[in-house]
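Here the protein sequences come in this chain order: A and B.
This note's numbering puts the first residue of the first sequence at 1, with every later residue one more than the last.
This note's numbering puts the first residue of the second sequence at 1, with every later residue one more than the last.
Only true hints are included.
Straight-line C-alpha distance at most 25 angstroms; calculated DSS-like pairs for lysine-lysine:
hint	chain 1	residue 1	chain 2	residue 2
1	A	176	B	236
2	A	127	B	79
3	B	49	B	79
4	A	236	B	176
Where chain B lies over chain A, by a calculated footprint (3+ residues, C-beta under 8 angstroms):
hint	region
5	146–155
6	168–176
7	241–247
8	277–287
Just so you know, these hints were derived from the structure itself, not from any lab.
All residues carry an ideal CB built from backbone N, CA and C; glycine is no exception.
There are 2 protein chains.
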Amino acid sequence: MMREQVLGIDIGGTNTKFGIVNKRGEILVSGGMATTGHNTPAEFVAALKSELGPLLQNHHISGVGIGAPNGNYYTGEIKFAPNLPWHGVIPMAALMQEALGVKTALTNDANAAAIGEMTYGAAKGMKDFILVTLGTGLGSGFVANGQLIYGSDGFAGELGHVIAVRDGRMCGCGRKGCLETYASATGIVRSAKEWLLASDNKSVLRHQQEITSESIHAAAMEGDNMALDLFAYTGKILGQTLADAIAITSPEAIIFFGGLANAGELLFSHVQRHMEENLLNIYQNKVSLIMSALPGSDAAILGASALAW
Amino acid sequence: MMREQVLGIDIGGTNTKFGIVNKRGEILVSGGMATTGHNTPAEFVAALKSELGPLLQNHHISGVGIGAPNGNYYTGEIKFAPNLPWHGVIPMAALMQEALGVKTALTNDANAAAIGEMTYGAAKGMKDFILVTLGTGLGSGFVANGQLIYGSDGFAGELGHVIAVRDGRMCGCGRKGCLETYASATGIVRSAKEWLLASDNKSVLRHQQEITSESIHAAAMEGDNMALDLFAYTGKILGQTLADAIAITSPEAIIFFGGLANAGELLFSHVQRHMEENLLNIYQNKVSLIMSALPGSDAAILGASALAW
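Looking at chain A on its own, in the form it has when it is part of the complex (with noise of 0.2 angstroms):
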């Protein structure tokens, strides 16, 4: 028993989360620390071994997973992820493996998350799905044959940066269009400014001070119509590219992460009818479109967990 236990961490831009989790994706001990505020990835895997310190004298774990952004399976490195304190390439699977005398996986956020649901939540069983995360960004997972798709540099399941709208947004990227610059929390924000400016539409979100994909949401549910209208517009575009994508790796499902996600209905209603209006039809009425199944709160440290089995 004592054996089957290993250690998820979450390193997020603010905070870094960890959790001792058992097979069955019970979270036995957690806890947490900022990212920020250490001068170098050594200081801070120093800081969190000490952090660590009292969980891991009741526990024996048999392995370590992190979910990081910009993470590579690979290489263990986070390689230049912008909302990180640190700069450049870290070697944080090799840094901690060294400091906790335990083996050590990295992946990014949305892989963790789609290994996590393979493991603990509602992939459990399947063999052929993709996790989509629609937070800040618009991250992904493709699972094929049981496997996640790192592809031949790591990198693969960048389903938010596929274009979705030719020549159209400009992305963060440095390119335009991509999916995630409609589908995501800031894309439904940037798409409800856009619209507030090209019309004099009635709206409350007129006279909101700082618009959120959270406010958008609240309007709708009173019945708003440009609220309404604009998760309309982006379960189109998302239920669009998602089409193409089934056409790639045909999943049995698709799974839903993320706080734009929470939208429900409001969202994925639109996302299944233009999903389906445009699959080729060997497709048609075969993928489900289901929310993840993994606590909220819990899930990137569940998901990071799943890396270390």
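Given chain A, put chain B in place with the hints provided.
Same frame as chain A, now just chain B:
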């Protein structure tokens, strides 16, 4: 040694070819017969068994692989193939296995070609690549983690039906803008006919009774500007769409096969340029575009045989 031989069968709309192949990808003996002229699949299989008789007396085969249009690996069935003489669902792998008494696997032509390249050809040793056949249509096989992606239902890998141009050309599948309506032998001919109608630019194509991808190739080799532009246009659309597919599986190479691929640099200089221009930076200058290493006339037999190992 005797055990290390398999039978590859390529079922085409007009002809069926077969050959006994060894581990090195050498065709020891081959033959063929008409696909047409048999009232039922069972009669076809009986005729094929009789043709194969002499080969199977002299060679002990350990498996049979079949490549066929609309072939499904999971079920061993050919489903609703528009170009075969028999319609509906044909349990071809089961029929053949019963007739020959040897374990038989079946998949579609493009998947067979991908496995052929991995077993004997340009993808030997590769774990992540895409095979694209540029023939009458555009077929594809995606390999990740060293395995072909069949998807949840055996129908993965339909890059030809990814929407390359939103609301673009009508496709035989009933939707608009599918990649294969542009990037295929049929697609480039369609572009030529559209352009000839839309302008009065001079071109030798204007005086051809029947425009084919080969006649466009020949015209381009003679410096005909419209023919050169047709390859540039076809290459642009193919390159853009490949950039999106790369963001999903991050292959180390894309391998091209089929008639239109013979155009070589006339086409692929443009594919390469537009692919790179449209790639997310992390994928740039990593993906090789390479031509099939399987000998043209035997490739279909080799691809089918590779399934049998």
